[in-house]
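Chemist: Sequence:
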Amino acid sequence: MAGEALIRPATSDDLDRFFAYLDDHLRDNGSGATALFMPMPRAASRFGPEREKAFRSACACATGQPGWRRLWLAFDSDGAILGHIDLRARPEGACAHRALLGMGVHRDARKQGLGARLIAVAAAWAASEAALDWIDLEVLSVNLPARQLYARCGFVQTGEAADMFRIDGESLGYTFMSLALR
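Under UniProt numbering, the sequence shown has 74 at position 74, and the numbering climbs by one with no breaks.
By construction, these hints were calculated from the structure, which means they are not laboratory data.
Where hints are given, some of them may not hold.
Stated by the list, open to error - EDC-like cross-link-like pairs, simulated, lysine to aspartate or glutamate; straight-line CA separation at most 16 angstroms: (1) Lys111 <-> Glu4; (2) Lys53 <-> Asp78; (3) Lys53 <-> Asp23; (4) Lys53 <-> Glu4; (5) Lys53 <-> Asp16.
Just so it is clear, the structure is predicted and the values come from calculations on it, not from any experiment.
Let's have the full structure, built from the sequences with the hints guiding it.
Modeler: Below you can see the structure in the form of structure tokens.
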């Protein structure tokens, strides 16, 4: 069950399994009743080798250094990955007091409270270990379940860019949200 999932920081030994999980997770991007959650065409929703390499490199950077990233994974009792959350440095140099959030929950573990637990773990680390003041995120505006989760966890909408993406013939907006940690 997702409510009993173990959440812990990812290690370099977890990354191969994480990328396999992430490719499976991305298959849900805009399929069936699942909202489009990544700004990429449905047929090309995968996490390719170049992105894997960049992700590995960012996870090896010290927090506070340009390009750093931290990842937490949620595991079931059999060791399967149920969800993930990552925080990463904003690309703008003068934003070292802020981080960008990315996350996902496996299709079988959604709507069981795991997303809120993942956010709480990352926010606690960001406030105490990394001494960050803000967590920002960008979410496709059509992804109402994610936007509702973020709002329940204290994020406030700070803006929206209409027609930010054109994917599979659709015009999609991007919603910007932030969580104040201090």
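Chemist: Tell me if the straight-line CA distance from Lys53 to Asp78 falls inside 16 angstroms.
Modeler: Given pair Lys53, Asp78 is violated - Cα atoms ~27 angstroms apart, limit 16 angstroms.
Chemist: Does Glu4 sit within 16 angstroms of Lys111, going by the straight-line distance between their CA atoms?
Modeler: The given pair, whose Cα atoms are some 13 angstroms apart, holds under the 16 angstroms limit.
Chemist: Taking only the CA atoms, is the gap from Lys53 to Asp16 under or equal to 16 angstroms?
Modeler: holds, 11 angstroms
Chemist: Between the alpha carbons of Lys53 and Glu4, is the straight-line distance 16 angstroms or under?
Modeler: violated, 31 angstroms
Chemist: Verify the proposed pairing of Lys53 with Asp23, using a straight-line Cα cut of 16 angstroms.
Modeler: The hint holds at about 15 angstroms.
Hints 2, 4 from the earlier list are contradicted by this structure; the remaining hints agree with it.
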